[in-house]
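S.K.: Residues per chain, in single letters:
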Amino acid sequence: MPGAIHAEGLVKTFGDVKALDGVDLDVPEGTVLGLLGPNGAGKTTAVRVLTTLLRPDSGTAVVAGVDVLQNPNEVRRSIGLSGQFAAVDEYLTGRENLQMVGQLYQMGAREAKARASELLERFSLADAADRTAKTYSGGMRRRLDLAAALVVSPPVMFMDEPTTGLDPRNRQALWEVIQELVAGGTTLLLTTQYLEEADHLAHDICVIDRGRVIARGTSDQLKARTGGERVEVVVHEREGIAAAEEVLRVLGKGETAVQEHTRKVTVPVVGGAKLLAEVIRELDTRGVEIDDIGLRRPTLDDVFISLTGHGAGKGEAK
Amino acid sequence: MSTMSDSLVIARRNLIRMTRIPEMVLFGLVQPVMFVVLFTYVFGGSMKIGNSTDPDVYKNFLMAGIFAQTVTFATAGAGAGIAEDMHKGLIDRFRSLPMARGAVLTGRTFADLVQTTLTLVVLAVVALIVGWRPGFADSTNVGKILGGFALLLLLGYAFTWIGALIGLSVRTPEAATSGGLIWLFPVTFISNAFVDSSQMTPWLRHIAEWNPFSATVQACRRLFGDPGLSQSGAWPMQHPVWASLIYSALIIVVFRTLAVRKYRSATA
Ligand SMILES: Nc1ncnc2c1ncn2[C@@H]1O[C@H](COP(=O)(O)OP(=O)(O)OP(=O)(O)O)[C@@H](O)[C@H]1O
Ligand SMILES: [Mg+2]
Numbered sequence: 001m002p003g004a005i006h007a008e009g010l011v012k013t014f015g016d017v018k019a020l021d022g023v024d025l026d027v028p029e030g031t032v033l034g035l036l037g038p039n040g041a042g043k044t045t046a047v048r049v050l051t052t053l054l055r056p057d058s059g060t061a062v063v064a065g066v067d068v069l070q071n072p073n074e075v076r077r078s079i080g081l082s083g084q085f086a087a088v089d090e091y092l093t094g095r096e097n098l099q100m101v102g103q104l105y106q107m108g109a110r111e112a113k114a115r116a117s118e119l120l121e122r123f124s125l126a127d128a129a130d131r132t133a134k135t136y137s138g139g140m141r142r143r144l145d146l147a148a149a150l151v152v153s154p155p156v157m158f159m160d161e162p163t164t165g166l167d168p169r170n171r172q173a174l175w176e177v178i179q180e181l182v183a184g185g186t187t188l189l190l191t192t193q194y195l196e197e198a199d200h201l202a203h204d205i206c207v208i209d210r211g212r213v214i215a216r217g218t219s220d221q222l223k224a225r226t227g228g229e230r231v232e233v234v235v236h237e238r239e240g241i242a243a244a245e246e247v248l249r250v251l252g253k254g255e256t257a258v259q260e261h262t263r264k265v266t267v268p269v270v271g272g273a274k275l276l277a278e279v280i281r282e283l284d285t286r287g288v289e290i291d292d293i294g295l296r297r298p299t300l301d302d303v304f305i306s307l308t309g310h311g312a313g314k315g316e317a318k
Numbered sequence: 001m002s003t004m005s006d007s008l009v010i011a012r013r014n015l016i017r018m019t020r021i022p023e024m025v026l027f028g029l030v031q032p033v034m035f036v037v038l039f040t041y042v043f044g045g046s047m048k049i050g051n052s053t054d055p056d057v058y059k060n061f062l063m064a065g066i067f068a069q070t071v072t073f074a075t076a077g078a079g080a081g082i083a084e085d086m087h088k089g090l091i092d093r094f095r096s097l098p099m100a101r102g103a104v105l106t107g108r109t110f111a112d113l114v115q116t117t118l119t120l121v122v123l124a125v126v127a128l129i130v131g132w133r134p135g136f137a138d139s140t141n142v143g144k145i146l147g148g149f150a151l152l153l154l155l156g157y158a159f160t161w162i163g164a165l166i167g168l169s170v171r172t173p174e175a176a177t178s179g180g181l182i183w184l185f186p187v188t189f190i191s192n193a194f195v196d197s198s199q200m201t202p203w204l205r206h207i208a209e210w211n212p213f214s215a216t217v218q219a220c221r222r223l224f225g226d227p228g229l230s231q232s233g234a235w236p237m238q239h240p241v242w243a244s245l246i247y248s249a250l251i252i253v254v255f256r257t258l259a260v261r262k263y264r265s266a267t268a
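Taken in sequence, the protein lines are chains A and B.
Take the first sequence: its letters are residues 1 to 318, numbered as in full-length UniProt numbering.
Take the second sequence: its letters are residues 1 to 268, numbered as in full-length UniProt numbering.
Treat the hints with caution; some may be incorrect.
[Unchecked claim] In silico SDA-like links for lysine to any residue, alpha-carbon gap of 20 Å or less:
1) A/K113 <-> B/R12
2) B/K88 <-> A/E245
3) A/K113 <-> B/L8
4) A/K113 <-> B/K262
5) A/K134 <-> B/P22
6) A/K113 <-> B/R17
7) A/K134 <-> B/K262
8) A/K223 <-> A/K113
9) B/K88 <-> A/D301
10) B/K88 <-> A/Q84
11) A/K134 <-> B/I21
12) A/K134 <-> B/I91
13) A/K113 <-> B/A11
14) A/K134 <-> B/L15
15) A/K134 <-> B/P98
16) B/K262 <-> A/L53
17) B/K88 <-> A/L53
18) B/K88 <-> A/K223
19) A/K113 <-> B/P98
20) A/K134 <-> B/L8
Since the hints were made in silico from the structure, they are not lab data.
The structure displayed is predicted, hence computed values, not measured ones.
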């Protein structure tokens with residue numbers, strides 16, 4: 001059975017930029033898909049196509065069982081969107097903004113009002129509820145926008161970088177809101193620059209770059225692709241590099257990697273902490289002074305860098 | 001999903017915005033009031049209406065023209081407002097909601113209608129103060145006077161859709177404001193609004209007499225009992241109330257259709 005969000009072969013070109021170059025996505029009902037990719041990868045474009053804001057050049061998409069291209073208005077009933085840039089009316093108060101959205105979702109005036117109060121409370125905006133959104137800080141606007149996306153608790157949600165610009169406390173609070181929603185059966189497509197966020201929230205992860213899906217799977221599967229544990233040593237002086245490499249070659253299981261300018265030497269290992277102690281002893285015996293040593297498990301950042309050849313936030317598509 | 005209820009929600013949003021930016025409404029009032037005063041006192045003594053050069057005749061002749069010009073000039077604001085909305089993130093919110101297609105535009109035109117009504121009331125009071133006297137040349141009554149204002153509002157409403165289409169076709173609110181005004185100068189000046197069109201050169205006179213804008217001005221003069229009615233045999237001058245209704249209805253049908261279509265394709 002196709003998922004709550006299902007897209008095949010999405011293509012969208014802007015001039016000579018291929019923002020989407022044949023993207024397939026499938027998000028089973030009640031799960032979270034984390035869409036990752038560097039700036040300009042096509043994340044926002046994908047979200048805009050799936051939320052009926054943009055017509056793709058080719059490809060098909062079905063959201064909540066309804067064809068996005070054939071029947072966009074029907075799709076709009078079942079989705080909530082929080083775009084990359086807050087979509088609120090600056091001259092309306094927070095409360096007025098939410099009431100308006102409620103009424104446009106065809107709620108009655110009283111129901112819209114009650115729902116607005118509830119959401120303002122939930123997103124810690126109650127104190128600012130009757131001030132115009134113009135006076136809100138960036139994080140407050142962001143939260144108001146998220147609240148607007150949740151007015152009708154739609155079965156399918158899209159959030160484009162929802163936690164960008166939120167402080168750690170509010171980010172945590174939003175994660176809790178998202179987990180609650182998903183526990184309640186909501187399907188969510190989330191784009192993010194924070195790999196930790198995808199790791200924490202998403203069941204499945206899809207990495208895109210230059211409009212193409214370059215990897216997909218669970219966070220563990222992706223990490224496994226990048227390899228297991230490694231020992232990483234940063235020596236104090238360049239002269240120590242050769243000795244450190246020698247030690248790691250002997251004790252490690254695989255090829256060593258040396259990064260001259262950061263004086264970092266790495267090797268894949270098995271055996272974890274016990275082996276680490278051995279490495280330290282051996283380096284000490286040889287008199288190699290070290291600045292830092294540690295056992296590293298791959299993070300999504302490593303996955304990201306190994307897949308795209310650059311870190312998140314770098315490598316704008318040209 | 002109902003176009004009317006969605007449009008009213010959007011209209012309310014735009015009216016709330018107007019109260020939050022009162023200077024916009026204020027400027028909208030100052031300009032026509034200035035026109036009334038300037039035209040009355042600067043041109044009043046030197047204009048010939050029919051065979052009369054009496055400033056009182058010109059003053060009473062002028063008001064219907066200024067009223068009509070005011071309701072049409074207000075439409076540039078609608079275009080600018082729509083252009084602004086189209087380039088803010090908020091439009092994505094609207095477009096992702098299950099709301100009626102034309103409601104964002106229709107709601108805006110409703111809100112503008114409210115503002116135009118307010119402007120007309122203020123302007124009518126100023127006109128009375130400077131010496132406009134309905135019934136100056138011909139008999140009238142309250143019903144006819146209200147009928148005249150209704151035609152003015154309808155004309156303003158119709159022109160708002162032209163403003164909306166311009167707002168949707170340009171990239172910035174500034175362009176919408178100037179683009180929304182430029183075409184209004186020939187439309188309102190090549191007409192019977194400020195001068196007696198029978199004194200124009202023939203080709204200009206024909207344009208003036210068939211100008212939709214002139215029909216409403218002529219209709220108002222007739223309903224208000226103002227002096228200086230055009231005696232031309234052109235159909236709109238002979239049947240100005242009908243002509244005004246037909247023109248306005250046509251403009252609404254054509255430009256609303258074009259604007260809604262443009263809105264739907266604008267960001268896709
Ligand atoms: N309306 C547009 N006109 C022209 N080019 C566009 C338009 N929208 C997107 N693009 C281009 O398409 C590509 C993908 O953009 P998109 O906004 O989807 O990236 P993104 O993955 O969301 O990036 P970011 O992380 O910076 O938000 C970019 O190269 C961008 O310049
Ligand atoms: Mg983006």
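S.K.: All the hints need checking, so say for each whether the structure fits it.
M.R.: Okay, the hints, checked on the actual structure:
no.	hint	verdict
1	A/K113 <-> B/R12	15 Å, holds
2	B/K88 <-> A/E245	56 Å, violated
3	A/K113 <-> B/L8	16 Å, holds
4	A/K113 <-> B/K262	33 Å, violated
5	A/K134 <-> B/P22	16 Å, holds
6	A/K113 <-> B/R17	19 Å, holds
7	A/K134 <-> B/K262	29 Å, violated
8	A/K223 <-> A/K113	46 Å, violated
9	B/K88 <-> A/D301	33 Å, violated
10	B/K88 <-> A/Q84	12 Å, holds
11	A/K134 <-> B/I21	12 Å, holds
12	A/K134 <-> B/I91	17 Å, holds
13	A/K113 <-> B/A11	18 Å, holds
14	A/K134 <-> B/L15	17 Å, holds
15	A/K134 <-> B/P98	26 Å, violated
16	B/K262 <-> A/L53	14 Å, holds
17	B/K88 <-> A/L53	14 Å, holds
18	B/K88 <-> A/K223	39 Å, violated
19	A/K113 <-> B/P98	19 Å, holds
20	A/K134 <-> B/L8	23 Å, violated
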